[in-house]
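Please build the complete structure, drawing on both the sequences and the hints.
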Amino acid sequence: MDSATLYVLAAAVLFGLGLDGLIVCEHLMRKLFALNIMGSAIFILLVATSAPINDKPDPVPQALVLTGIVVAVSATAFGLALIVRLCRESGKATLSVDDEPENDD
Amino acid sequence: MGLMLDIVIVASLIGLSFQSLYARSLFRCILHFVVFGLAMSLVWARLNTPDLAMAEAAIGAGVTGALTMVAFRRLMAISPAQNQSRPSNRSRLALPIALGAGGLVALLGLAVLEAEPVAGLAGMAVMEALPSTGLQNPVTAVLLSFRGYDTLLEISVLLAALLASQAVTQLDDPDPSILTEQPDTPLVGALLAMIVPLSVLVSVHLLKAGSLGTGGAFQAGAVMAGCGVILALSGRLTSSAQPSLLINLGLSIGILSFIGIGLVPLLYGQPLLALPDVWAVYLLESTMMISIALILLLLFTGSISIRRSDG
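Residue numbers (this note's numbering), protein chains in the order written: chain F, 1 to 105; chain C, 1001 to 1311.
Because the hints were derived from the structure by calculation, they are not lab data. Keep in mind it's a predicted model, so treat the numbers as computed, not measured. Watch out, some of these pointers could steer you wrong.
Claimed, not checked - Not the full set, but computed from the structure, chain F residues with beta-carbon under 7 Å of chain C:
1) SER3
2) ALA4
3) VAL8
4) LEU19
5) VAL47
6) ASP58
7) ALA63
8) VAL65
9) SER74
10) PHE78
11) GLY91
Stated by the list, open to error - Across the chosen pairs, the derived CB separations fall in these ranges:
12) F:MET1 with C:TYR1268: 51 to 61 Å
13) F:GLU89 with C:GLY1002: 45 to 55 Å
14) F:LEU82 with C:PRO1080: 18 to 28 Å
15) F:MET1 with C:ALA1081: 39 to 49 Å
16) F:GLU89 with C:ILE1097: 26 to 36 Å
17) C:ALA1115 with F:ARG85: 43 to 53 Å
18) C:LEU1099 with F:SER96: 19 to 29 Å
19) C:GLN1270 with F:ASN54: 26 to 36 Å
20) F:LEU82 with C:ALA1115: 38 to 48 Å
21) F:SER96 with C:GLY1189: 45 to 55 Å
22) C:LYS1208 with F:ASN54: 17 to 27 Å
23) F:GLU89 with C:MET1004: 47 to 57 Å
24) C:PRO1080 with F:ASP2: 47 to 57 Å
25) C:LEU1192 with F:ASP2: 42 to 52 Å
Here a beta-carbon is modelled for each residue, glycine too, at the ideal position from N, C-alpha and C.
Here it is in structure tokens:
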């Protein structure tokens, strides 16, 4: 097994773990971490699967991922601001089905 | 030897991501998540992409860590009980869905690894056209010369995130949660006297290095924002609810100069955002560094503006 395969498998595990956390975790900050971990998994996948050019890594996926990192931080910052505001309004940083106006359960 | 190192990094990455989701207290989650960002930068170093390693360490681990910790402190001020929140949404579907999605990602990645690399990739075109840009770092060339449009939108996203955060943050109360408890001990002044000039030096170096090797505006801006965060934590900078012309100019100078320089080529019949020369790249990177640093700092303080504290 070479290291590219290893990193692809790592990306798969991280993506699955992040998705599990996104569903299972109740606190919104944990959900935000889960989203970030899923994003990081995709970044690893993008770079690890790109074919090298003249024995150097392809610059285009690198630039894509660099942009992705900055956008992820922007989204995370906005998400955190929303969580703090939600907590200020409702006193808790979780969303549950009980908060819905119409509960089908 | 190399593979062993990769296995250690991947194992720690998975362990850290597990802990940052399922650790007992929320604070432990945050700490593990910050270390996860550092492990990610090791991954980039191992994948031979130093630009990404630098960006992840400065932006991914550093700025995200500061932002999550200050958000945690604000949450704690509202209700301290939630630190002990357990992941409790027991769902029977979660595990199969996660396994299926992970399997799909693995399948996709392994299939791409098996495929023959096609000729005429964008990366090859970049490598061929690189000498014409006057830059030596192909990543900077992609970001500014070849795909300037993406970078323009990237800085717009950053600015939009700041404006949206300011819109949902209640601004009337001065926020005590970013201040450390005793900001005026003698050691703090000595520390600042060393760290502030050094981080300015490092960020300007990263900016200049971006055209030759590893570095660039985003890494430099993140380092400078870190310097601002230290000043805010130690009470040298305080958040202010009064909009300041200078700060607003600093926030928007990156995107404004990008649009300005991007529009000029249209006058000469060239395509939009065709940068005239290397000086334009330097100018854009410098103004973007200022904007990025200020935007990240204001995202941290959660205020409209900042000013020097009077004390």
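Regarding GLU89 of chain F and ILE1097 of chain C, is the given constraint of 26 to 36 Å on their beta-carbon distance met?
31 Å, holds
Identify whether the interface hint at PHE78 of chain F stands, where standing means a beta carbon of chain C within less than 7 Å of its own.
5 Å, holds
Is 26 to 36 Å a correct range for the gap between the Cβ atoms of GLN1270 of chain C and ASN54 of chain F?
This hint holds: roughly 29 Å between Cβ atoms.
Given a cut of 7 Å on the nearest C-beta pair, is the interface hint for ALA4 of chain F held or broken against chain C?
6 Å, holds
For the restraint on VAL8 of chain F, tell me whether the closest CB of chain C is nearer than 7 Å.
It holds, given that the least Cβ distance between VAL8 of chain F and chain C is near 3 Å, below 7 Å.
Check the following: the C-beta atoms of LEU1192 of chain C and ASP2 of chain F are separated by a distance inside 42 to 52 Å.
47 Å, holds
Using the C-beta atoms of LEU82 of chain F and PRO1080 of chain C, is the stated range 18 to 28 Å upheld?
Given a distance of about 20 Å, which is inside 18 to 28 Å, the answer is holds.
Do GLU89 of chain F and GLY1002 of chain C keep their Cβ atoms within the hinted range of 45 to 55 Å?
51 Å, holds
Using the C-beta atoms of LEU82 of chain F and ALA1115 of chain C, is the stated range 38 to 48 Å upheld?
40 Å, holds
Is the gap between the beta carbons of MET1 of chain F and TYR1268 of chain C within 51 to 61 Å?
Holds - the Cβ-Cβ distance for MET1 of chain F and TYR1268 of chain C, about 53 Å, lies within 51 to 61 Å.
Go ahead and decide if the range 17 to 27 Å is satisfied by the Cβ distance of LYS1208 of chain C to ASN54 of chain F.
25 Å, holds
Is the interface hint satisfied for LEU19 of chain F? The criterion is a beta-carbon contact with chain C at less than 7 Å.
5 Å, holds
Checked against the numbered hints given earlier, this structure breaks none of them.
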